[in-house]
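Asker: Model the full assembly from the supplied sequences, consistent with the hints where possible.
2 protein chains.
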Amino acid sequence: MAPQAKRRARKKPASGRSAKKAPKKVPKRAAGKRARNKEQTKARILKAALELFRKKGFHKTTTKEISRKARIAEGTLFNYFKTKEDLALYFFETELQNCIDWYHRDDYIQSAPLPEKLFGLVQHYLDRVEPYEDFIGAVYLRALQPRSKLNPLSLDVQELRLRELMFIREILEEAEDKEEIPPMGEFGVYALGLGFLAVVTYWLNDGSAGKENTMALLDRALTIGTGFLSRGGWEW
Amino acid sequence: MAPQAKRRARKKPASGRSAKKAPKKVPKRAAGKRARNKEQTKARILKAALELFRKKGFHKTTTKEISRKARIAEGTLFNYFKTKEDLALYFFETELQNCIDWYHRDDYIQSAPLPEKLFGLVQHYLDRVEPYEDFIGAVYLRALQPRSKLNPLSLDVQELRLRELMFIREILEEAEDKEEIPPMGEFGVYALGLGFLAVVTYWLNDGSAGKENTMALLDRALTIGTGFLSRGGWEW
DNA sequence: GTGTTAATATGAGTACACTCATCTTTTGCG
DNA sequence: CGCAAAAGATGAGTGTACTCATATTAACAC
Numbered sequence: 027m028a029p030q031a032k033r034r035a036r037k038k039p040a041s042g043r044s045a046k047k048a049p050k051k052v053p054k055r056a057a058g059k060r061a062r063n064k065e066q067t068k069a070r071i072l073k074a075a076l077e078l079f080r081k082k083g084f085h086k087t088t089t090k091e092i093s094r095k096a097r098i099a100e101g102t103l104f105n106y107f108k109t110k111e112d113l114a115l116y117f118f119e120t121e122l123q124n125c126i127d128w129y130h131r132d133d134y135i136q137s138a139p140l141p142e143k144l145f146g147l148v149q150h151y152l153d154r155v156e157p158y159e160d161f162i163g164a165v166y167l168r169a170l171q172p173r174s175k176l177n178p179l180s181l182d183v184q185e186l187r188l189r190e191l192m193f194i195r196e197i198l199e200e201a202e203d204k205e206e207i208p209p210m211g212e213f214g215v216y217a218l219g220l221g222f223l224a225v226v227t228y229w230l231n232d233g234s235a236g237k238e239n240t241m242a243l244l245d246r247a248l249t250i251g252t253g254f255l256s257r258g259g260w261e262w
Numbered sequence: 027m028a029p030q031a032k033r034r035a036r037k038k039p040a041s042g043r044s045a046k047k048a049p050k051k052v053p054k055r056a057a058g059k060r061a062r063n064k065e066q067t068k069a070r071i072l073k074a075a076l077e078l079f080r081k082k083g084f085h086k087t088t089t090k091e092i093s094r095k096a097r098i099a100e101g102t103l104f105n106y107f108k109t110k111e112d113l114a115l116y117f118f119e120t121e122l123q124n125c126i127d128w129y130h131r132d133d134y135i136q137s138a139p140l141p142e143k144l145f146g147l148v149q150h151y152l153d154r155v156e157p158y159e160d161f162i163g164a165v166y167l168r169a170l171q172p173r174s175k176l177n178p179l180s181l182d183v184q185e186l187r188l189r190e191l192m193f194i195r196e197i198l199e200e201a202e203d204k205e206e207i208p209p210m211g212e213f214g215v216y217a218l219g220l221g222f223l224a225v226v227t228y229w230l231n232d233g234s235a236g237k238e239n240t241m242a243l244l245d246r247a248l249t250i251g252t253g254f255l256s257r258g259g260w261e262w
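The listed protein sequences correspond, in order, to chains V and W. With this note's numbering, letter number 164 in the first sequence gets 190, and the count goes up by one each step, no holes. With this note's numbering, letter number 126 in the second sequence gets 152, and the count goes up by one each step, no holes.
Some hints could be false.
Taking lysine-lysine and the DSSO-like style, the derived pairs with C-alpha atoms no more than 30 Å apart in a straight line are [said to hold, decoys possible]: (1) V:Lys82 to W:Lys95; (2) W:Lys237 to V:Lys86; (3) W:Lys68 to V:Lys108; (4) W:Lys86 to V:Lys110; (5) V:Lys90 to W:Lys108; (6) W:Lys110 to W:Lys143; (7) V:Lys90 to W:Lys86.
Stretch-level coverage of chain V by chain W, calculated; a stretch enters the list once three of its residues show a Cβ under 8 Å from a Cβ in chain W [what the hints assert, rightly or not]: (8) 200-208; (9) 217-227.
Estimated spans, in silico, between C-beta atoms of each pair [said to hold, decoys possible]: (10) W:Asp153 to V:Asp245: 36 to 46 Å; (11) V:Ala242 to W:Arg70: 29 to 39 Å; (12) V:Asp245 to W:Ser256: 38 to 48 Å; (13) V:Ala69 to W:Arg60: 30 to 40 Å; (14) W:Lys59 to V:Ala242: 50 to 60 Å; (15) V:Pro157 to W:Asp203: 42 to 52 Å; (16) W:Arg80 to V:Asn105: 29 to 39 Å; (17) V:Glu205 to W:Gly236: 48 to 58 Å; (18) V:Thr249 to W:Asp203: 48 to 58 Å.
If you are wondering where the hints come from, they were derived from the structure by calculation, not from laboratory data. In this text, a Cβ means the ideal position worked out from N, Cα and C, and glycines have one as well.
Answerer: Put into structure tokens, the structure is as follows:
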């Protein structure tokens, strides 16, 4: 059924790569030219992708365009990112890490009561992620479905989701230690993660100015939720 | 940029369609041969698709295969379903409707208290939807993301979601009338719909025998939830 | 420098969802 | 019946994410 793959004769690029940089004749320079190039290329890809995603949206942007803009061959893109989706996911990976770092650096937020803490975190996250609003739905929500196919290459939705859950667990454990909430174990992590996702989906569909509806909902949900827990709703 | 579409000369199918059925020479038979054929074709497509999806999964099944198995041309499939995704969605559409009908036909469940009612409904739904477990994640969860592109052809995730929400609203209004819960308005519909989605995602990832973990979670969540509402947790 | 090897880049090729100009069948009308 | 128009079916063609055999280059040994 599948026709045998034919291989074409390599044409010969001649003046192949139009310009790597410049014919810099400094052959044995500083260690790790490879690593440097790689970094630069990855950065170029991300820059190109972000610009195009912002301008035309995720689906309307082709990998060909990204490659062209990043000045690499089409195939090279897939040496850096397994799929187009993974490329998009990279931004959320970055922003989540930023969010975690922000939390760890800010003493005030760390010592705030749980509702304020969560409100602050979500607000910070949504602020940072807002530029990607157009394509967040296309990739991020897949975290919900199980993915049986193993992922030989780095990044993956599941991995991102896992990192997020570990951070949530950290937050919850702190609150449990301070006896703000009863111990809820893994269920608490799952529930809070899902609640967070609910906020994001609401935010995505929120057409109100400045997404104020989302913030109101969040405030309301946190008030209800913590009130519920402190009144012992958990131990039924 | 876009190259002009070139049209090839039609070859001529000669003994074109191998066999429509048999050369039945009953030209002016019962009214609506068109309609009958259409129905049959649609049924054949659905049958073929379901078998293939079950055997090989959603992503590994090609539209070409489905067409071949349904004995239609590739293009014809898209006269019946806008996208491959919509084709898969059709099964959920059917099952949701079945679930709604089941509810309306069963007097016992209609008069049961809210938690039992919800438990029964979810159980019924999951039972019916279980054959599609493999590909439910691939299509159903998209209901969460906003879809700006209008849908000129029938079925769509949003439409399915809407139907679901209207049913939820019906359930909630009944409970409000019976004063089982305080009036929650649109927020209640949204929250319950999200809760339902949470159960489905949990169910998808549930590896326990007979998905018993999901049923336990559901029971627990319903107990907590209704207890919360009846204790007046809602009016904060 | 030259030679060797491992890492990386390349782009023609592939697979597959989906389109559309054209062909075929049904329907309705006389 | 015969004919015209509408509905529907058809499959070559298209766009695009992704693959993979081959080419190029960095790194290291001498």
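Asker: Please go over all the hints and tell whether each is borne out by the structure.
Answerer: Hints, verified against the model:
With a C-alpha separation of about 38 Å, the suggested pair V:Lys82 and W:Lys95 falls outside the 30 Å cut-off, and the hint is violated. Restraint check for W:Lys237 and V:Lys86: the C-alpha separation of about 40 Å exceeds 30 Å, so the hint is violated. With a CA separation close to 37 Å, the supplied pair W:Lys68 and V:Lys108 exceeds the 30 Å bound. Between W:Lys86 and V:Lys110, the direct Cα distance comes to roughly 19 Å. Compliance with the 30 Å bound is thereby established for this hinted pair.
Only pairs whose Cα atoms come within 30 Å are accepted, and V:Lys90 paired with W:Lys108 is accepted, the gap being roughly 26 Å. For the given pair, W:Lys110 sits about 34 Å from W:Lys143 by alpha-carbon distance, which is inconsistent with the 30 Å threshold. Of the pairs offered as hints, the one joining V:Lys90 and W:Lys86 holds, with about 25 Å between alpha carbons and a cut-off of 30 Å not exceeded. With 0 residues having a beta carbon nearer than 8 Å to a beta carbon of chain W, the region 200-208 of chain V misses the requirement of three or more and the stated coverage is violated.
For the region 217-227 of chain V, the stated coverage by chain W is satisfied: 3 residues place a CB nearer than 8 Å to a CB of that chain, which reaches the threshold of 3. Remark: the range hint 36 to 46 Å for W:Asp153 to V:Asp245 is upheld by a beta-carbon distance near 38 Å. As the Cβ distance of V:Ala242 to W:Arg70 is approximately 51 Å, the hint placing it in 29 to 39 Å is violated. For V:Asp245 paired with W:Ser256, a C-beta distance near 24 Å fails the hint of 38 to 48 Å.
Checked against the given bound of 30 to 40 Å, the beta carbons of V:Ala69 and W:Arg60, roughly 59 Å apart, lie outside it. As the Cβ distance of W:Lys59 to V:Ala242 is approximately 58 Å, the hint placing it in 50 to 60 Å holds. Restraint check, V:Pro157 to W:Asp203: a C-beta distance of roughly 46 Å satisfies the suggested window 42 to 52 Å. Hint check: W:Arg80 to V:Asn105, Cβ distance near 36 Å, so the stated range 29 to 39 Å holds.
As the Cβ distance of V:Glu205 to W:Gly236 is approximately 37 Å, the hint placing it in 48 to 58 Å is violated. A hinted range of 48 to 58 Å is violated for the C-beta pair V:Thr249 and W:Asp203, which are about 27 Å apart.
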